[in-house]
Each structure stands twice: as structure tokens, then as C-alpha cells.
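A.B. asks: So the chains spell out like this:
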Amino acid sequence: MHQLIQYISSYLTSDKTPGVAGNMFWALVYIMLVFVGLSVAVIAMNWLERKILAHMQVRLGPMRVGPHGLLQPIADAIKLLLKEDIMPAEADGVIFWIAPFIVVLAAFTVFVVVPFGPTHAITDMNIGILFMLGVSSLSVLGIVMAGWASNSHYPLIGALRSSAQMVSYEVAMGLAVVSAILMTSLNAEGTGTLSMIGIVQAQLAQGEWFIFKFFPLGLVAFFIFAVAMVAETNRAPFDLAEAESELTAGFHTEYSGFRWSLFFLAEYSAMIAVSSIAVTLWLGGWLRPFPNWLSGQTWDQIFNVFPGVSFLLLAAICFYNTARMPKHPLFRVQTIGLAGFGIVLGLIALVLFYPPVSLRVQDIFWFAAKVAGFMYLYIWYRGTFPRYRFDQLMQMGWKVLLPMGLGVLILTAGVALVQPMIWHP
Amino acid sequence: MAPVATPFFFYLFAAIMVIGGVMVIKRKNPVHSALALIVTLLAQASIYLMLYAPFVAGVQIILYAGGIMVLFLFVIMLVSIERSMKEQTFNSQRVVGVIAAAALGALFISVYVHGKNIFPEGVPAMGEGDNTQKVASLLYGQYMFSFEIASLLLLVAIIGAVVMAKKRI
Chain A
1 MHQLIQYISS YLTSDKTPGV AGNMFWALVY IMLVFVGLSV AVIAMNWLER KILAHMQVRL
61 GPMRVGPHGL LQPIADAIKL LLKEDIMPAE ADGVIFWIAP FIVVLAAFTV FVVVPFGPTH
121 AITDMNIGIL FMLGVSSLSV LGIVMAGWAS NSHYPLIGAL RSSAQMVSYE VAMGLAVVSA
181 ILMTSLNAEG TGTLSMIGIV QAQLAQGEWF IFKFFPLGLV AFFIFAVAMV AETNRAPFDL
241 AEAESELTAG FHTEYSGFRW SLFFLAEYSA MIAVSSIAVT LWLGGWLRPF PNWLSGQTWD
301 QIFNVFPGVS FLLLAAICFY NTARMPKHPL FRVQTIGLAG FGIVLGLIAL VLFYPPVSLR
361 VQDIFWFAAK VAGFMYLYIW YRGTFPRYRF DQLMQMGWKV LLPMGLGVLI LTAGVALVQP
421 MIWHP
Chain B
1 MAPVATPFFF YLFAAIMVIG GVMVIKRKNP VHSALALIVT LLAQASIYLM LYAPFVAGVQ
61 IILYAGGIMV LFLFVIMLVS IERSMKEQTF NSQRVVGVIA AAALGALFIS VYVHGKNIFP
121 EGVPAMGEGD NTQKVASLLY GQYMFSFEIA SLLLLVAIIG AVVMAKKRI
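These protein sequences, in sequence, are chains A and B.
Take the first sequence: its position 258, counted from the start at 1, is 258 in the working numbering, and no numbers get skipped.
Take the second sequence: its position 146, counted from the start at 1, is 146 in the working numbering, and no numbers get skipped.
If you're looking for bench data, these hints aren't it; they were derived computationally from the structure.
Among the hints, erroneous ones may be present.
[What the hints assert, rightly or not] Label pairs and their in silico Cβ distance ranges:
#1 Gly-21/B <-> Ser-14/A: 40 to 48 Å
#2 Phe-390/A <-> Leu-104/B: 45 to 53 Å
#3 Tyr-11/B <-> Met-421/A: 30 to 38 Å
#4 Gly-22/A <-> Tyr-11/B: 19 to 27 Å
#5 Leu-78/B <-> Lys-83/A: 29 to 37 Å
The C-beta atom is built at its ideal place from N, Cα and C for all residues, glycine as well.
Produce the complete structure using the sequences and hints provided.
C.D. replies: This is how it looks when you write it as C-alpha cells:
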């Protein structure tokens, strides 16, 4: 018993991730935390997407289940779990059964190396970014299997489109990633690295996020990645694999109930995964904004209160809307519930203001905030861009993004070679 | 970190590879064969990991399982399954097959028996920590020329494919 406690507490003074330190207990705790956090994020994303899309189209969106439809995702989840699970008679049983699990596994496994902070990751690998790209590319196998095993025309066409699209955009995506990795090798000391934590530390050491490095090369590489990642996750305007006006629902037409919800879960967690690659590679990962311009201890302290302030803001929004709830007695339960939710958020904010906590949570907060920005962009794209035609999509991938990626890669390498000769002769 | 390269995992992944390989040739449905091949390739990637070569394992997953096999499936999915299910998967050259299998088996057994003398027991030369960097400095240092020749070969293959596929360029 004593040894167990010692084993658990021995990690607390460590400055490594639990995977690198080899501490099984904390690795498990981190895995649970990431899993729970991810599920909550997907639920929140579901509600936010419906609400934001609705407001973009001057509608109200879900309003009935809970105040402002806050409980709608939970109602949806219950509905999906209770729905009858139908398997087409002519489907290929085993493959039809396995496909959603492969997609979910690929989407969740990726988070093993996502660095939420210098020590807040499940583990750190020497091949971090390679692992992320590799495992997330496996999800296309699940989609292809789902489409083929359904033994139906729309899913098959959806799967074909999806595989063609993913294979072509992976090339441009890879080139953009390589140009960012190239920048990590420009440290004063040490070599380049593929490790996710190492990439952010390289940005810290060079005092510059890679999006601003060698302006505009970093920005262009980021742009290529930002377009390719929307295509990789099959989201609008590149959602041809599930284009509802042409293919009903694409590769998951024949899926229902729990299996369908697995596809849904995988899609959203894959979106979070590729966004966190973009954040890690170009937007400084867990580093706070304006590290050079607003440096110094005062500014550090001001940025430290940001997590607390953001939760306080959410609580304030809750209270404002509580006051605006209809006064009819039928709405009493909802009003009390919303006020309770606001109080919970306020309590979380108070905990986050406590200095030791706010110091520890800082990096996670900034990482999550940057990823949340990308999530909003995804919704924004969906609300505003019309869907591409398939030949336009292919043209975009092979004739625009790929040459741009190659050019950026060569120019980055060239500038990285030439720059030290000019600045430090 | 505690070593993961235990005999248990080696035999596990080796068994998965062998079963996957047998499935590739035994299944009549070409899509099932392709999926079995993917399982085999993934198990192979795990064996690379056990050999402390994470970079090779990562590239194996991206290129083979994620890239090439998706293209394979892409083509196979369009083949009529009904027709290929009726086709014979094995030809009936039993005598030649038995002789070839016996020869290969004898080779494996002899390597298993005398292997300790032929291949001396070695310690992995590369650490896991900076595997990628070491691979890079070898590829772009000592083996630069052969590396570039290999990429030239791939370029020739790409151009050949384009010329064959397009009549008028």
C-alpha cells in the first residue's frame, strides 16, 4: 500500500509526460481525462454547431430541450442509443460491424501524442507528428470498409469519393507539415524533431510561432494545411463523401443507431485532432499569445487570469439569460436549471483564479482556446461556403495545393540555408 | 522506459502476421484479402517498433496501410465480386507446390537450428530516442547517392505511368 502511494506520488515532481516517465497510473489517469474531455467537447460541439448554424441562417435552432436547447445533445444521444440497429441483409457482416470501430479507434488513438502542455500529454514520441498523420490516415480505411460492406450504391460512391479525396489531400498536407518540421531544425542548439512537444519547444526557443516564420512562407504552409485538413475530415465545403443532396448520407447511409453515432463521434474527434496538429505546428501549441510584444511579469500575471475570466464570462452569460427567461410557471424548472449551471461555471471560475491551479491549467487553456477557434472556423465554413464539385475538388488538391506545397517546401529550405549567412556572417 | 520487446509480443505479432498472410491467399473475396493484408502490414509495423525503429514503423503505417492499401481497395471495390468469387484461387500444380514448400520449410528449419552461429546475438545499435535523426543523417550523409538513385527510379516510374495512361500529352 505504502509503495503504491509512493509510486503514484513519485510522478508529481516529474517534468515529463507520464508516458515518458513510465508511470502507468498517471498515464491511465491522463487517458481517462483526455477521453472524458474529448467526449464533452464533442457534445458541446454538437450543440454549438446547431446553434451557430441556426443563428447564421437567422433561425433559433434547438430551443425546446432545456433552456436554449442545452440538453439537446443528451436527448440526441439517448435517441441514438435506443434506436433499432439495422444491418442490411445483403451487407458483408463482419466488415460492416468492424468499420465504425476502426474509424473511432483511429480518431481517438491520435490523442496519445497531442501536447496540451509541456507535461500535459499522455506521452511524447520521437515520431509524434508522423504517428498522428499515420494513425489518422487509417480512418479512411474504416470509411472505405463501411461504404463497401453496405452493399449499396450511395455508400459505395461515397467511399470512393472519400478515399480519392483523402489520398490526394494527404500529399499536400504532408508537404505543408514537412516545411514546418524543417523550421524546427533552425534552433540555436539541437536538431530538428518530429516530437509534438519538441515542435512547440522549438517555437519557444526561436521566440516565434511558425505561422510568422519567414513571412509569408509559414503563413502559406499553414493555409495549405488549413484547407487540406477540412478535406481530410470530410467537412463542408469538401464533404462530397456524404453530400446529402447527391448521396443521401454517403458512406454511412445504411448505418443507424449506435453505429451511426460512432461515425459521428469519430468525425468530430478527428476534427479536433487535425486542429490540434495545426495548433501545435503553426500556432505555438500551449504557448500564450503575444509572448514577445506583451512580455514581462505583469503581463504574465494578466494572462494567468484568462482561464478564470473566460469561465466567469460564461457564467455571466448564463445569469443574463436566466434573467431573460420567460416568467411563465412552465419555465420555472428550466430557469432554475440555467441558474444552477451558471453557478457551477462560476465556481469553476473561482477555482481557476486560485494561483497554483491557474498556473497549471494555463497551457491547457491556451491550447483548448486555439483549437476552439478552429472548431468555430469549421462551423463557419459549413455555414458559408457552397460545396465543391468533385472535379473542382481534385483540381484544387493536385493543381493548386500540391504545387504550392512543393514551392513552399523548397523556398523554406532555401531561406533557412541562406538566412544565417546574411544575418550572422 | 521498460522494454516492450518481450518474446510474448513478438510471438503475438508474428502469429497475427502469419494468420493475416494465410488469409490473404485463402479468401475468395478480394476485399477480404486486401483487409487481411492491411492487418499483416500493421502487425509488421509493430514488429519494427519492437526493433526500436519507430520511424520505419511510422512510415510503414502511413505509406502502406494508409496510402497504398487505400488505392488497392479503391480499385478492388470496383471489381465485380460475384465473378471473382467463382474464380479458382489456386491452380492445381500440387507437386511443384509441395516441393517448393518443403524447400522453404527446410531453409527456415535450418536457419532456426543453426541461426545462433550464423547471426550472432546483437544489441540494438540505435537508441529509440533519436531514431529519426539518425536515419536522416545516414540517408542524407553516407547513403546520399543511393538514396537519390532510388528517388530517380520512382520518378521514372511516375513518368512511365503517365506516358502509358495518356495517349496524347
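A.B. asks: Each hint should be assessed against the structure and marked as holding or not.
C.D. replies: These are the hints, each one checked on the structure:
no., hint, verdict
1, Gly-21/B <-> Ser-14/A: 40 to 48 Å, "holds (43 Å)"
2, Phe-390/A <-> Leu-104/B: 45 to 53 Å, "holds (47 Å)"
3, Tyr-11/B <-> Met-421/A: 30 to 38 Å, "violated (55 Å)"
4, Gly-22/A <-> Tyr-11/B: 19 to 27 Å, "holds (24 Å)"
5, Leu-78/B <-> Lys-83/A: 29 to 37 Å, "holds (32 Å)"
Comparing the model with each earlier hint shows a violation of hint 3 alone; every other hint is respected.
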